[in-house]
Amino acid sequence: MRFLGPAADEACHYVTGIVGENPLLLKELNLSEHKLGDTRVNQIAALLQDKHCKLNTLILRKCGLTEESCAVLATVLRSNSSLKDLDMSNNNLQDSGMKKLQNGLEDTNCTLKKIR
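Mind the numbering: the sequence shown is residues 1 to 116 in the working numbering, read in order.
Accuracy of the hints is not assured; some may be wrong.
Simulated DEER-style distance windows between Cβ atoms [stated by the list, open to error]: (1) Thr39 - Lys113: 25 to 31 Å; (2) Lys84 - Ala46: 27 to 33 Å; (3) Gly64 - Asn109: 26 to 32 Å; (4) Gly64 - Glu28: 19 to 25 Å; (5) Asp95 - Asp50: 15 to 21 Å.
FYI, nobody ran anything at the bench for these hints, they're computed from the structure. Here the structure is a predicted model, which means the values were calculated and not measured. Ideal Cβ placement from N, Cα and C applies to all residues, glycine included.
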């Protein structure tokens, strides 16, 4: 699922609520080019940590991710067993954000196969 156009930000907010109620429905989520902010990343992380979530691919290209976003996503990497592909390209993550992600990637519970 990918959101484009002027109503995309509102649709992005709406779908996180819908997916939260029905986490089995979605295998791939593309939120590229939306300024998600830490609050929205926390909502996405909560979905990913739901035991019923089977999301395989999360695409967050050019979303303005922060160090805090990286810390939240690192927590997801430690606990989510379905996520295999994470694309965070074209975000200015800085060394501190990358170190937080590295901690999640090094966890023995991390099942991620591809990260960009």
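The hints, checked one at a time:
1. Thr39 - Lys113: 25 to 31 Å: Check passed, 28 Å falls within 25 to 31 Å.
2. Lys84 - Ala46: 27 to 33 Å: 19 Å, violated
3. Gly64 - Asn109: 26 to 32 Å: 28 Å, holds
4. Gly64 - Glu28: 19 to 25 Å: 21 Å, holds
5. Asp95 - Asp50: 15 to 21 Å: 31 Å, violated
Of the numbered hints stated above, those contradicted by the structure are hints 2, 5, listed in ascending order.
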